[in-house]
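K.L.:
For chain A, the structure is supplied; the task is to place chains B and C on it using the hints.
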Amino acid sequence: MSDDMSRPLVRGRGGVGDSWHLEAPMSELQPPLIGILGTGDFARSLAGRLVGSGYQVVVGSRNPKRCSSLFPEETEVTSQMEAATHADLIFIAVFPEHHSSLLQLKQAMAGKTLVDVSNGLRMNCDGPSNASRLADMFPESSVVKGFNTLSAWTLQMGPRDGSRQVFLCSDDHRAKLSVMQLCQRMGFIPVDYGLLSSALDVENLPFHLFPSWHVPVLGLFFLFVFFYLYNFIRDVLHPYVTKGKNVFYKLPIDTVNVTLPCVALVMLSLVYLPGVVASIVQLWRGTKYRRFPPWLDQWLLRRKQLGLCSFLCAALHAIYSLSLPMRKSARYKLINTAYKQVKDGVEDSWQEEEVWRMELYVSAGILALGLLCLLAVTSLPSVSNAVNWREFTFVQSSLGYCALFMATLHTLLFGWDRAFKADEYQFLLPPTFMLVLLLPLTVLVGRLTLLLPCIALRLKKIRRGWETSQHVRFMSLEEEDDCRGGLEGVSNV
Amino acid sequence: MSDDMSRPLVRGRGGVGDSWHLEAPMSELQPPLIGILGTGDFARSLAGRLVGSGYQVVVGSRNPKRCSSLFPEETEVTSQMEAATHADLIFIAVFPEHHSSLLQLKQAMAGKTLVDVSNGLRMNCDGPSNASRLADMFPESSVVKGFNTLSAWTLQMGPRDGSRQVFLCSDDHRAKLSVMQLCQRMGFIPVDYGLLSSALDVENLPFHLFPSWHVPVLGLFFLFVFFYLYNFIRDVLHPYVTKGKNVFYKLPIDTVNVTLPCVALVMLSLVYLPGVVASIVQLWRGTKYRRFPPWLDQWLLRRKQLGLCSFLCAALHAIYSLSLPMRKSARYKLINTAYKQVKDGVEDSWQEEEVWRMELYVSAGILALGLLCLLAVTSLPSVSNAVNWREFTFVQSSLGYCALFMATLHTLLFGWDRAFKADEYQFLLPPTFMLVLLLPLTVLVGRLTLLLPCIALRLKKIRRGWETSQHVRFMSLEEEDDCRGGLEGVSNV
Amino acid sequence: MSDDMSRPLVRGRGGVGDSWHLEAPMSELQPPLIGILGTGDFARSLAGRLVGSGYQVVVGSRNPKRCSSLFPEETEVTSQMEAATHADLIFIAVFPEHHSSLLQLKQAMAGKTLVDVSNGLRMNCDGPSNASRLADMFPESSVVKGFNTLSAWTLQMGPRDGSRQVFLCSDDHRAKLSVMQLCQRMGFIPVDYGLLSSALDVENLPFHLFPSWHVPVLGLFFLFVFFYLYNFIRDVLHPYVTKGKNVFYKLPIDTVNVTLPCVALVMLSLVYLPGVVASIVQLWRGTKYRRFPPWLDQWLLRRKQLGLCSFLCAALHAIYSLSLPMRKSARYKLINTAYKQVKDGVEDSWQEEEVWRMELYVSAGILALGLLCLLAVTSLPSVSNAVNWREFTFVQSSLGYCALFMATLHTLLFGWDRAFKADEYQFLLPPTFMLVLLLPLTVLVGRLTLLLPCIALRLKKIRRGWETSQHVRFMSLEEEDDCRGGLEGVSNV
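Residue numbers (UniProt numbering), protein chains in the order written: chain A, 1 to 493; chain B, 1 to 493; chain C, 1 to 493.
It should be emphasised that the hints constitute simulated quantities derived from the structure, not laboratory data.
Be careful, since some hints might not be right.
[What the hints assert, rightly or not] No farther apart than 27 Å at their CA atoms in a straight line, the calculated lysine-lysine pairs in the BS3-like style are these:
| id | chain 1 | residue 1 | chain 2 | residue 2 |
| --- | --- | --- | --- | --- |
| 1 | A | K333 | B | K328 |
| 2 | A | K340 | C | K343 |
| 3 | A | K328 | B | K343 |
| 4 | B | K343 | B | K328 |
[What the hints assert, rightly or not] Residues from chain A that face chain B, not an exhaustive set, calculated with beta carbons under 8 Å:
| id | residue |
| --- | --- |
| 5 | I189 |
| 6 | F224 |
| 7 | Y228 |
| 8 | T337 |
| 9 | V342 |
| 10 | M358 |
| 11 | S363 |
| 12 | T442 |
Being a predicted model, the structure only gives us computed values, none of them experimental.
Ideal Cβ placement from N, Cα and C applies to all residues, glycine included.
Only chain A is shown next, with the shape it has when bound in the complex (with noise of 0.2 Å):
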C-alpha cells in the first residue's frame, strides 16, 4: 500500500524504494531530534535557531536542572547520557578540552553523526585538528566538522548574506550530506571543504586576518616608502644640500602628497596589468584550456583589493591638495609673493601656460576621482551582487580603462614639459612622474594593442574554446559544452 502512495523516485540505483517526503507539514508529525551537548552560548543560539526551523532538539548537560531555564522552552534539557541516546545527529558544543569527558558516551553515540563545532584559542598550524582528535576518540561514529565559522550572535539573529556559508568536511559522504540538508533548512549555505583532513582548514578560518588584502597592502607600504624616500631627496635634501634651504616642513604634507598619487597610478595600472598579460598567454598558447601560472592566478584575484588601495591613496592626495591652501605656509607664501610683486612693481603677474596647465590637470584629475569613486562603490558586496555580469564588466573593465587613462592623463598634464628641462633632474634623478608614467603607459599600450580587429577577434575565438591545436577537430564539442563561454571566459580577463 504505501508502495503505491508514493512511487520511488530513483530508480536503477540501490535505493529502499520507499517514500521520499523531503520536507513534511504543517501538522501531526514529528521532527527528527537533533542532539546538542553543551550548555554554553553557541549551544543556546544552535538550540534556538533549530527549533526555529523546526527540528526537535534535546540537550545534554551536567547538570541539566540548572541549565533547563536558559534554552527555549521547546527543547528538552537532559543529562548527557540520554540526550546522546535519544538523538540521530549529534552537535558536540564542549570546549575540545573537555572532548575527553565525553568518551562515556561512546556506546551511545556509536553509529551516529557527530558534527564538531570548535574553534582553537589561536590559529593551529601543525595539527591535529580538534576533530580530528575526535574522530581517534569516537571511531564508530561519523565526525562532521562544521559550523565554528558562525558566532552565537548569527545563529540568533539568523543568517545574513555575507555570513551564511557554512564549511563542512567529513570522510563519511552520507553524514556530511545530512549535515549539509540541516545546514540548508536552518538558511545557511554549506559549503563542501572535503575530507576530514581539512579540518584544521576549516578551524583556522574564524583566525584568518583578512588574507586577500596582505600582498596589495604589502605593496602599497613599499610603493609608499619607495617613492616617499625619492620625493624626499629630490625635493627636501637637494634644496638643503645645493642651497642650504630648509624645507624640512614639507615632510608631513607636501612630500606625502607628491607620493600619494605615484601610489595610486602604480598600483592602478596593476590592477589592469595581469588581464593584459593573461591575455598575451592565453594568445601564445592557443587556447584557454591550460591553467595559469599560479602568480597570475593570484594576480587575477587580488585585482579588487590592488584596486580599492589604489582609490584609498587617490582619496587621500585628494584631501591632501585641497588642504594645501588653508595651510600657514601656503598663506606666507602668498603674502611674500604679493610683497615682492609690490617691490618690483609687476602690475600683473599672469602666466597663460601655467594657469591652462593647472586648470587641465586639475580637472582630469577630478574626473579621474570621480570614475575611481563609482569603482569602488561598485565593489560594495551589496551592489556587485545587484548587477549582472555585463554590467560589472562594463564598470570595473571600461569604466576603469577611463580611470586609468584620465589618471595617466592627469600626470601627463602635471608633468607638462618638464621632462625636457634639465634642472629637473636634481642629482640626476629624473622628476618622481616619469618613472610612475612607465607601467601606465605599458598597460595602456597592451590593452590598444590587443584591440587591434586581427588579434581581439583571435582572442575571441579562444575565448569560446577554440583551439590552435589539431586535436580540436574531436574534441569541440565536449569541450564547448562549455555552452556559456562567450560570457563567462571573459571573467578571467
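P.N.:
Just chains B and C now, with coordinates in the frame of chain A:
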C-alpha cells in the same frame, strides 16, 4: 508496514508515533535524480550545488571516462543516453548550436522536464529563443527556461543577496513548479516569468546594461550640455565679444563648476516632481484604483536613479569648488588684487554684505550636500534592505525635501539680489540661477499646497481606499481588503 | 492505514488523495492548501509568493468573479466560506476593522491556524492588539501574528537580505511552528517573538523610526548646542563685548567648524569608553557570568551609532575646513594682511613654529579622517557581514583606537601651547580643546592600563570562563561548555 518503512525518529516523547521526515533524513532514503547533459564549467558548478543541496546527480557526457574526474565525487558521470533515461529532470547545459545533437535522446527524454540554461552570444531581439527552438525539437518534453542569469561562479560560491533570483518560464505549469521548488532548495529565489514565449526576455537579461539608468543618464547629459553652453555664452563668450577679454581658461573648471550645481538641482527637483504630480492625479480622479499613465509610472520608478545622478553632480560640484583656491589662476588674481589695493592705498577692502552672502550660501551648500550623502548611503541595497518602510519614507521623503530645500536656499543665497541688476542680463540672458530655480520652487510650492489640511486629509482618505464615485457604497469592503493601505498607499508618492 | 496517518490535505480538488509531500517531488503529489481571506495588494503578493514556493493557494473573496483575474493563474479564487472550509492554514488579510465580518466563518475556521497580517494605522501603545482581538473572536482557532513587517513589494520581489526576518508570536506552539516552517520555505527567516501578548510589539514594529538612533542623535544634538554656545561666547561674544569687534559673520561657518570636531571627538571617545568600563566591571566582579547593568548594556549596543555620528561630524568638519580659504572673508583678510605687510615693509612673515604646528595637525586630522572612513565603510551591513569575527574586531577595535589616538593627537597639536597662555582664557573660560580632551585622554589611558600584562592576563582568563569565587571548582566544566568563549568573550567589550 508503514512503521517498518519509516522508523519513529523521535522516541521517549509523547509523539503521535508515526513518521515525520522533516527533510528526508539523515539516512536510508534517497534524494531524487537530477540529470545534467554537458560537462562545461556551468555543468560542473551546477552539479556541485545540486549535490550540496541534497540531490542525486547524474551527468551525461559524450566522453564519460575523460570527464568524470572534473565532477564532484557524489555525481555519476555516464553516457548521455543513460543519464537521460534515468534522470527525472534534466538540465540541458550544452551550447544551443549543439542542441540538435541531443535528438537521439528524444525517446528517453519524452515526458520529462528539460531545463534550458543556455545564453546567446549577443542580444537577440527577433527570436526565436533557444528555449522555444528546444521545445520544438522535443515536443514530448516540458521545457523550462531558467538559470541562465546565474554564473558558474555564483553556483559554486552559493547564492548571494542580489543575485539570488532565478527567472523561470515555461508553458507547463507543473514542470515550472517543480523547477521552482528545486530552485528554492538550492537557496535561490524563483521568479515566475510566465509562458515560454517570455524565454527571449529571459535570455536577453544577461545582456542588459543598466536599463534603469538609460533615461536618467541621458537626462543628465542633455541638461549638462544645455547649461554648459548657456554658462559658456554668458561667462566666457560675452566678455570676449564685448570687451575682448580672454577668459577661455575658465572652460575646464569654472564653467563646469557653475554647470554642475544647475544640473544637480534640476535633477533633484525631478526626483520630487513626479510624487507631487501623482498626488494631484489621485486628487483629480478621486481614487487610487486607476493606474497612472505609463510615463508617470516610469518616472516614479526612476526616482532613485535621478537622485543618485543629482548626488553625483553635487559631489563633483563640491570637489571642484574646494579646488578653486589652490589653482594658479586664483593665486594670480589674488596677488594682482593685493597689488592693486596697495597701489590704490585702500587699507581695508572688507565688504560685510559679500562676506555674509558667501558664508551663508557655502553653509547651506554644505548642509545640502550632507543630506544628499545620507540619502545616497540609504540607497545602498544593504542599507535600504535593513530599514522598515517608515524609516525609508522618512529618509527618502522628509530628509529628501530638506535636501531640496537646502539646495534651493543655497542657490537663492548665491543669487542674492543679482536678479534685479540690469548688468547681469548679458546678451539679455537671465542669470543661470534664475532658470534653475523655476523647477525646485514649483516642487516646493506644490508640496506645501498638498500639506494644507483640507487637501492632505482628502488625499489620505483616497490612499486608504476611499473613492469619490458612487459605487463605493457597494464595494468598499472588498476594496479595503487592502488592509495595509494606510502604510503602503504612500509607497507610490 | 496510510490513509489514517496522513489525512488528505487537499479536498475538493482533483487530488490524488494520499500522503502529502511538501516538496515531494517533481510530480503527482499535491502541495498543501493555504487560504487567504482578502484581495488587496498584500493578499495578491502573498498568493504569488506562496504559489512560487510550491503551495496550493485558495483565495476567499466577497466577489470571486471580479477578483480572480488579479491573482496568479495557479490560485483558486472562490467565496470566503469555501476558502475557509478547504484551507488548512488561513491568512487573514482584511482590514482589522472588518475582522468582525468574518464571524460567519467561525465554524469553518475552528481548529485551524489563522495568521493575522494586519497593521495598525499608527503606533498603538495601549492595546489590545489586532491579533488578540481576533483571537477573542475566534477562540476555537489558533491565531499567529506575523508577516505584518513585510511589504507587498518584498513579497513580490522575493526576500532580500535585511528584510528577510518575519516576527511571529502565538499562544499555540504547534501553530507557530507550522507558520515558521512555511516562512522558511518562502525564503524568510522566522524570528520567535513568544506569546500572543507580544503581538502589540510586533504590530508596532513598522512604526519604529530608527529606535537605536534616538539616544545617539540626541547626544549629538546636546553636545553640539553646548559646544556651539561655548565657542560663540569665546570667539564671537568676547571680542564684541571687550573690544567692540563685530565678527558675527563667523556664526554660519567658523563657529560651526570649531564645534564639529569637538562633538566628533567626544562621541568617538563615547564609543570606546563603555568597552573600558565593561572590562573594569568584569575585573571587579571577577566573572563574566553576571549581566552588565542595563545602562551599560544599552551603551555597548549603541557603539555603532555613536561611531557613525562621530564620523558624520568629522566629515562635515573636513568639508567646512576645506572650504575656509575659498570664502570672501578669508580673501579679504589675506589681502589686508598683504597690504599691512607692504606698509610695514616686512619682507618675510614666515613663522616656522606656526607652519610646523599647522602641517602636523592637518596631517594628523587627515589620517584620523581616513581611519574613520575605513570604520564607517566596515559598518555597512554588506561589508560587516562579509568579514569574520577576528577581522571585525581588528577593524572596529584596533583601527578604531588608532583613529581615536590620531584624533586626540590632532586636537593636541591644534592646541599646541595655548593652554599655558593667560590670554586664551577669555571670560576665564579655558580653550575649548581642553574641555574636549578630557574624555579621549581618559579612554586612552584606561585602555593602556588594561593592556598591562598582569591585568590583561586576568581579564583574558575571566573571558574564557574562569571565576574568582570558590564554586568554580565544581562547575568549571559546565560553565566552560561555552567552547568558543576564547573568541566570542571579546564580543561584549
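K.L.:
So, as I understand it, the hint says A:M358 touches chain B; can you test that by seeing if any CB pair is closer than 8 Å?
P.N.:
holds, 4 Å
K.L.:
May I ask you to test the interface hint for A:S363 with respect to chain B, counting a Cβ-Cβ separation under 8 Å as satisfied?
P.N.:
holds, 4 Å
K.L.:
How about A:I189: closest beta carbon in chain B under 8 Å, or not?
P.N.:
It holds, given that the least Cβ distance between A:I189 and chain B is near 4 Å, below 8 Å.
K.L.:
Classify the hint on A:V342 as holds or violated, based on whether any CB of chain B lies nearer than 8 Å to its CB.
P.N.:
This hint holds: A:V342 lies near chain B, its Cβ roughly 5 Å from the closest one there, short of 8 Å.
K.L.:
Was the hint right that A:T442 lines chain B, CB cutoff 8 Å?
P.N.:
violated, 28 Å
K.L.:
Would you mind confirming whether the straight-line C-alpha gap from B:K343 to B:K328 stays at or under 27 Å?
P.N.:
Distance of about 22 Å is within 27 Å: holds.
K.L.:
Is A:K340 within 27 Å of C:K343, Cα to Cα?
P.N.:
Cα-Cα ~13 Å, so holds.
K.L.:
Under the criterion of a CB-CB separation shorter than 8 Å, is A:Y228 in contact with chain B as hinted?
P.N.:
Violated: closest Cβ of chain B sits about 22 Å from A:Y228, beyond 8 Å.
K.L.:
Less than 8 Å between beta-carbons is the criterion; does A:T337 satisfy it with respect to chain B?
P.N.:
Holds, about 6 Å.
K.L.:
Could you grab the alpha-carbon distance between A:K333 and B:K328 and see if it respects the 27 Å cut-off?
P.N.:
holds, 13 Å
K.L.:
For the hint on A:F224, just tell me whether its beta-carbon gets within less than 8 Å of chain B.
P.N.:
violated, 23 Å
K.L.:
Starting from A:K328, check that the Cα of B:K343 is at most 27 Å away, please.
P.N.:
holds, 26 Å
Checked against the numbered hints given earlier, the structure breaks hints 6, 7, 12 and satisfies all the rest.
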